[in-house]
Amino acid sequence: MPRDNEQTGEFTPKILAFCCNWCTYAGADLAGLNRMNYPADVKVLRVPCSGRVNPQYVLKALQSGCDGVLVCGCHPGDCHYSTGNYYAKRRMMIFKRMVEFAGLSPERFQIRWISGSEAGKFRDTVVEVSEQIRALGPMENDAPSRAAIDAVAGTVASPEADEELFAAAKEAI
Amino acid sequence: MADVQDTIRERAAALLSSGEVSAVIGWGAGRFDDVRFPLVVKRAEDAGKLVFDASCVQMTAKRLLEHTGEGKVALVARGCESRAVNRFIADHQLTRDQVYVIGVPCPGMVDPATGETLKRCAECQVRNPVVHDELVGDPVPEPKPYRFAEVDRVEAMSREERRAFFDEMYGKCIRCYACRNACPCCTCRECFVEQDKVGWQGKAFNVNEARYYGMIRAFHTGDRCIECGECERACPMGLPLMVIMHQQVRDIDKLFGPYEGGGLTDSGPDPLRTYKTDDIEEFM
Amino acid sequence: MLLKKAKAGALLDAIAAKERLFVPADDRGTSRFVAYGAGVEPRFDLLNTKLPPKDLLFPATETLYRWSRDGADLAIDSAFAETDPFTVFGLRPCDMASVDRLDAVFLTKGYVDEFYQAKREAATFVVATCAHPGRACFCDSIAASPHEAPTADVLLEDAGEEWVVTPQTEKGASAVEAWKPYLEEGDAEPIKAACDLKVDMAAVPEKLKGMFDDPIWSDIGDQCLTCGTCTFVCPTCYCFNIDQDVREDEGKRFRCWDSCMFTDYTAMAGGHNPRASKESRVRQRFMHKLTYFNDRYDMNLCVGCGRCMRDCPAAVDISLIIDRIAASEPAQEKEAMAHA
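Chains A, B and C supply the protein sequences, listed in that same order.
Start counting the first sequence at 0; every next residue gets the next number (numbering that gives the first Met the number 0).
Start counting the second sequence at 0; every next residue gets the next number (numbering that gives the first Met the number 0).
Start counting the third sequence at 0; every next residue gets the next number (numbering that gives the first Met the number 0).
By construction, these hints were calculated from the structure, which means they are not laboratory data.
Since we're looking at a predicted model, the values are computed, not measured.
Just so it is clear, CB atoms sit at the ideal spot from N, CA and C, and this is done for glycine as well.
Some clues are possibly wrong.
Lysine to aspartate or glutamate pairs mimicking EDC-like chemistry, simulated, CA-CA at most 16 Å apart [to be verified]: (1) A:Lys-59 with B:Asp-195; (2) A:Lys-59 with B:Glu-208; (3) A:Lys-59 with C:Asp-244.
Computed beta-carbon distance windows for the label pairs [as the list claims (entries may be wrong)]: (4) B:Val-139 with C:Gly-36: 42 to 52 Å; (5) B:Gly-267 with A:Asn-36: 17 to 27 Å; (6) C:Ala-268 with B:Asp-33: 24 to 34 Å; (7) A:Ser-144 with B:Leu-64: 39 to 49 Å; (8) A:Asn-36 with B:Met-283: 17 to 27 Å; (9) A:Glu-130 with C:Ala-71: 19 to 29 Å; (10) C:Ala-187 with B:Asp-5: 50 to 60 Å; (11) C:Ala-74 with A:Asn-36: 34 to 44 Å; (12) C:Asp-244 with B:Ala-112: 29 to 39 Å.
With the hints as constraints, model all of the structure from the sequences given.
So, in structure tokens, the structure goes:
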């Protein structure tokens, strides 16, 4: 699917934002009511709670064509279900470190607490993340360079086999 | 280790003939001298088939779960197996009274391919059983070697190099799921891999699907890992699977305080199954 | 005709200049048949590669067709493509025997798999005999011989410093004709090695028919992890699954290797699984290898390459299993004894 803007030819990222129903989704709603402008790169997916966001969703999104994922929920202490975001916080702290350890650009997976009244913060976050990911380019840009491959490669690999392997890797993380 | 082996056989025969246990899990001898395999002995007269020597490379504890329905089961347990028993208890897979632990202090096993200490033994933090009903042999010293060398090496790489490192690793994965099947933390009745109707795991063989499987499995077990290294030992492709486990273990220790899976620290629930209101904040 | 091992490099370069060439080589800590090219060091001293050569004919993932939709228009395109000729150089006799078995499955009994056929017809197999079979090798008592490969296009018999080159098919003859500049006239005595490990298969396929409920399966089930290692490193395991990758307006159907060791292999739509237990799955694997396949194709599906024994994380040893089956009492006798 072409992802470049038809008019400008500019790269338009696909960013998936998991927004908790009680805070961030309401914040996004408020941003809309206030007619705030923000890039349409972000597709909002409403979830009951940030604690509902299984880290599998994040990796699946990145593998299925998203260039970035944003997970948003209530501020710690404000969770509609009291504790959901505390669990989410620990989980995401470890998962984020793990995917970055495995070579994902840190900007592609971000987590933010945005309350129902923080329409401005929602807009600012979306603008910021969108700009960062536009700068990074599509997910394929995360693939390692030839030099990086050679620096860590094991013994022989056939050049053809190497091409196959890394062509597949280029598709997504 | 010859007298340890004799004692294991004697005790296995005694436990089986008295009817105290319905099975004893240990190791049997393969066709070649350096090949041992997990053996489940169910009759006292077969106790002589049990062996214990430096070639017992497999971590056998996972077999417990298949036999606990048949009565109390005895497990010949080194440090790694004993931690697995604690793991199973913490995960409600069995109760302490369903298992009889024949503890064996372990001097470390030998990798038949290289003749050197098996990697998982060279990184072992707990050689003496942490739980046992009886102990065979004398306790061994605990050298507690540094186990994060590989994590340090990968962490020092640039982002692109780390990506290349993991591309290479997952590019070799044949998705046999040996790591999952051997892992004492992987006790889900239905793994996400087999949830076909949800479609988490694509069936095609390529580096992306292998990465999805590898990273999600690693994360599912990250906070409960007992660091037995059996996933890496079982991997037929020799992938450095523990690097991503050790990385998580170290991060969890740093962020949420010291924690070791498998009943070593009495610090309540596993780190990702609990929280503190004053956890550090980095998502504001 | 002789081919000096020291001069094999020049011949490989010449073959590779003409068509794709696959040789056994180390690849990132494993070994398999890789495309020959700059930087590839062939390992003709390896007994057999860690990964089997079956993926050259039967890839682990193979697209069957693609579809796309544009409004009301639906397009379906077959992914079938003719394969350019290629040579596999340095295959072992056990692996050649595995190709015979794949041929039987994909090309006989009234159905021809065109994807397999295209690759099979494009392939020239050059088999190198084994001068020193490994400790886990038992091909000569089950399916093949370390010093023969009757269906190979070209046979290279190991004679120490050189190979004795014998074309065995038309395709092989024309290949050897082209190799002439690299070959030497002369005679050498090929090494006729035999495997140390032997199994007695004679009565096994028949005996297994009466062993469906034998305790052997629960014993192996206790040992086995039911991972898929043995089936993926096996050169003859050919089971596959068909799945699809669906995007908004396009998609593809592909087939990929599957393993009878996995629970979802037999999972049914309604949730029932006829082979839910480990012992039923290992029974299926060994029954298929050692008796069901014999019934249909009149040969053992195991070729004695020893890969599964070497790589099994739980050290399940098919040769010991064959020994145990061979030593067991036939079912009728057991029954007779029970009644006596």
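### Message
24 to 34 Å was suggested as the range; check whether the CB atoms of Ala-268 of chain C and Asp-33 of chain B agree with it.
### Response
46 Å, violated
### Task
Evaluate the given range 29 to 39 Å for the C-beta pair formed by Asp-244 of chain C and Ala-112 of chain B.
Because 37 Å falls inside the window, the suggested range holds.
### Task
Take the C-beta atom of Ala-74 of chain C and the C-beta atom of Asn-36 of chain A, compute their distance, and say whether it sits inside 34 to 44 Å.
40 Å, holds
### Message
Lys-59 of chain A and Glu-208 of chain B were given as a pair; does the straight-line alpha-carbon distance stay at or below 16 Å?
### Response
10 Å, holds
#### Entry: Distance restraint between Lys-59 of chain A and Asp-195 of chain B, which requires alpha-carbon spacing of 16 Å or less
Distance of about 15 Å is within 16 Å: holds.
### Query
Do the Cβ positions of Ser-144 of chain A and Leu-64 of chain B conform to the proposed distance bound of 39 to 49 Å?
45 Å, holds
### Query
Is the hinted pair Lys-59 of chain A and Asp-244 of chain C satisfied, with a Cα-Cα distance of at most 16 Å?
14 Å, holds
### Query
For the pair Asn-36 of chain A and Met-283 of chain B, does the Cβ-Cβ distance stay inside 17 to 27 Å?
About 24 Å separates the Cβ atoms of Asn-36 of chain A and Met-283 of chain B, which means 17 to 27 Å holds.
### Message
Range first: 17 to 27 Å. Now tell me if the beta carbons of Gly-267 of chain B and Asn-36 of chain A are that far apart.
### Response
47 Å, violated
#### Entry: Outcome of range test on Cβ distance (Val-139 of chain B, Gly-36 of chain C; 42 to 52 Å)
Taking Cβ atoms as reference, Val-139 of chain B and Gly-36 of chain C lie about 51 Å apart, which means the hint holds.
### Query
Can the suggested window of 50 to 60 Å be confirmed for the beta-carbon pair Ala-187 of chain C and Asp-5 of chain B?
Distance hint for Ala-187 of chain C, Asp-5 of chain B holds at roughly 54 Å.
### Task
For Glu-130 of chain A and Ala-71 of chain C, compare the CB-CB distance with the range 19 to 29 Å and indicate the outcome.
At 40 Å between Cβs, range violated.
Against the hints set out earlier in the document, violations occur for numbers 5, 6 and 9.
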